[in-house]
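S.K.: Go by the hints and put chain B onto chain A.
Protein chains: 2
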Amino acid sequence: MLIECIPNVSEGRRPEIVEAMADAIRRTNGVQLLDHSSDASHNRSVFTLAGDAAGVEAAVLALVERAVADIDLRTHRGEHPRLGAVDVVPLVPIEGVSMADCVALAKRVGGEIAQRFGVPVFLYEEASSNPARKNLEDIRRGEFEGLAAKMGTPGWAPDFGPAAPHPSAGATVVGARMALIAYNINLATDRLDVAKKIAAAIRQSSGGFRYVKAAGFKLEDRGIVQVSMNLTNYEKTPIFRVFEVVKREAARYGVSVLESEIVGLVPSAALASAAEFYLQLDGFKADQVLENKLRGI
Amino acid sequence: MLIECIPNVSEGRRPEIVEAMADAIRRTNGVQLLDHSSDASHNRSVFTLAGDAAGVEAAVLALVERAVADIDLRTHRGEHPRLGAVDVVPLVPIEGVSMADCVALAKRVGGEIAQRFGVPVFLYEEASSNPARKNLEDIRRGEFEGLAAKMGTPGWAPDFGPAAPHPSAGATVVGARMALIAYNINLATDRLDVAKKIAAAIRQSSGGFRYVKAAGFKLEDRGIVQVSMNLTNYEKTPIFRVFEVVKREAARYGVSVLESEIVGLVPSAALASAAEFYLQLDGFKADQVLENKLRGI
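Chains A and B supply the protein sequences, listed in that same order.
To convert, note that position 225 of the first sequence is 210 in our numbering; the numbers rise steadily by one, no gaps.
To convert, note that position 129 of the second sequence is 114 in our numbering; the numbers rise steadily by one, no gaps.
It should be emphasised that the hints constitute simulated quantities derived from the structure, not laboratory data.
Since this is a predicted model, take the numbers as computed values, not measurements.
Ideal placement from N, C-alpha and C gives every residue a C-beta, glycine not left out.
Worth double-checking, as some hints may not be accurate.
Unchecked claim - List time: in silico PhoX-like cross-link candidates among lysine-lysine, alpha-carbon distance up to 25 angstroms:
(1) B/Lys182 to A/Lys198
(2) B/Lys278 to A/Lys270
(3) A/Lys270 to B/Lys198
(4) A/Lys270 to B/Lys232
(5) A/Lys221 to A/Lys203
(6) B/Lys278 to A/Lys278
(7) A/Lys278 to B/Lys270
(8) B/Lys232 to B/Lys119
(9) A/Lys232 to B/Lys135
(10) B/Lys270 to A/Lys270
(11) A/Lys182 to A/Lys232
(12) A/Lys270 to A/Lys221
(13) A/Lys203 to A/Lys119
(14) B/Lys182 to B/Lys203
(15) B/Lys119 to B/Lys92
(16) A/Lys232 to B/Lys232
Stated by the list, open to error - Stretches of chain B that chain A covers, calculated by requiring three or more beta carbons in the stretch to come under 8 angstroms of a beta carbon on chain A:
(17) 103 to 115
(18) 246 to 253
(19) 266 to 276
Next comes chain A alone, as it looks inside the complex:
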């Protein structure tokens, strides 16, 4: 069973504090710290860890313990919006685990955070059954500074914990979502209007695919343009379908695809589904992948 977890923490300037949080994760059994990076202007750090449900739960609680001890939102400044010391904890099913399992884990972890540390917890995305509280931006609007007032208004009681923010640690948002793939397609043109029109054609907000966020950018140094995307559910809106539509839309303007790129990590299943599509693979099963078989999936 493999769950990915990407906690975002409101500290990106004091390396010793970040390192202490990383160590708290590393010391936990059943989980691996895959990556962590800090941004000083955001004053925020992102940890990537993966493991089984018990390992992820223990690692998140160890991280929250350190963050609540070391971070004070009353003096925290940074460009990135935030509600709490541990700001958001997304849980992502990777292998041998369902979204329902991750939702159950989000609720268990959220309950524990509230009980052990007195930090109110809001559930989001798949873990939330309230449409007004699925979207992280909606929950975070007003930030730490506006949180006490917001929690006093109808509909904004937390899912777990006290009815007011923790004095120094604010609140934490915990939820479950699909793995997000950062995916860019570079076009053999310098026409920004083409990239912007294609981005508009494929993103949900303007009528495109449900699980695509997209924008058009210029890559000044290379004299080309890019359709930059987040794919928020690669099972329901797979990479290959997005790629084929971008290629077709570009052709409409006489433009060809130069290359595409995946930024950061991608689940092996997202690549396998592209191979299945293009090779017209019939009846292919995940356990035919040697590495999956080895892990007993």
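M.R.: Just chain B now, with coordinates in the frame of chain A:
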């Protein structure tokens, strides 16, 4: 580090003997038995195991010990050609390990088999530096019954062990090769001539790709034909290239590809390379695959 090993053993009729060999592998640390299957008419069993070098070495030696004790080639009958009790031991690099590492392991394992059990060992494929002894069929020609005479002729001294066959266990062939992918492409036609012409176009033996073996077959029950292939080096002759050429050749006869299928296991890297090709992925690295990152590759 991950090495796959697929020992072929000359026993496929006595389940208790096969099960004892499977248990010998299961009891070994550092290796997992992924699969085993027996064929009564071949009187032969195939084991699939994977692990690190030390685990694979120990498992193969444990298997040979059981096979030498339980199998007597003097009374063995079966349709499949064979030289010994443990007939052939291919070692396959999967991840974090080079072909050179597998060649070194083949020599180490071969030396140990000869020394511990008095069974002569022939190296083959990448582990052999003798062109006449790279091909398994060349080494196995004459089978167990002709082995004593063959080993007496120039050029057929074994790489390790005694100059004559083991009385009951014959000889064992040990080597290193790339993972083999069993890959079929089904065509939307009942014209066997089309499948045969395409098979001839793509296989090495008649001028096609170096690492493709292919034949055309009729799938009587479905009224269609199939190009059935073994891809013997998916890095140098990748799946997508073979698929695209078959599709193009089929179009020449007005035939389209119905579907393709992978039979059995496939390394994750072989699927990733198809995704890279079709999505025109630029600068993609194996450690961007979440599961690879987890295993520390």
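S.K.: Now tell me if each hint is right for this structure.
M.R.: Checked hints:
1. B/Lys182 to A/Lys198: violated, 47 angstroms
2. B/Lys278 to A/Lys270: holds, 22 angstroms
3. A/Lys270 to B/Lys198: Judged against 25 angstroms, a Cα distance of about 24 angstroms means the pair holds.
4. A/Lys270 to B/Lys232: Satisfied, since the Cα-Cα distance of roughly 23 angstroms is no more than 25 angstroms.
5. A/Lys221 to A/Lys203: violated, 29 angstroms
6. B/Lys278 to A/Lys278: Distance of about 17 angstroms is within 25 angstroms: holds.
7. A/Lys278 to B/Lys270: holds, 22 angstroms
8. B/Lys232 to B/Lys119: Given that 25 angstroms is the threshold and the Cα spacing comes to 32 angstroms, the pair is violated.
9. A/Lys232 to B/Lys135: violated, 61 angstroms
10. B/Lys270 to A/Lys270: Holds. B/Lys270 to A/Lys270 sits at ~24 angstroms (cutoff 25 angstroms).
11. A/Lys182 to A/Lys232: It holds: about 13 angstroms lies between the C-alpha atoms, which stays within 25 angstroms.
12. A/Lys270 to A/Lys221: This hinted pair holds, its Cα atoms lying about 18 angstroms apart.
13. A/Lys203 to A/Lys119: violated, 32 angstroms
14. B/Lys182 to B/Lys203: Holds - the C-alpha atoms of B/Lys203 and B/Lys182 are around 13 angstroms apart, at most 25 angstroms.
15. B/Lys119 to B/Lys92: With Cα atoms ~14 angstroms apart, B/Lys119 and B/Lys92 stay inside 25 angstroms; holds.
16. A/Lys232 to B/Lys232: With Cα atoms ~21 angstroms apart, A/Lys232 and B/Lys232 stay inside 25 angstroms; holds.
17. 103 to 115: Coverage by chain A is violated here, the residue count being 0 at a Cβ distance below 8 angstroms.
18. 246 to 253: Held - the segment 246 to 253 of chain B has 7 residues with a Cβ nearer than 8 angstroms to chain A, which meets the minimum of three.
19. 266 to 276: The restraint on the segment 266 to 276 of chain B holds, since 8 of its residues have a Cβ under 8 angstroms from chain A and three suffice.
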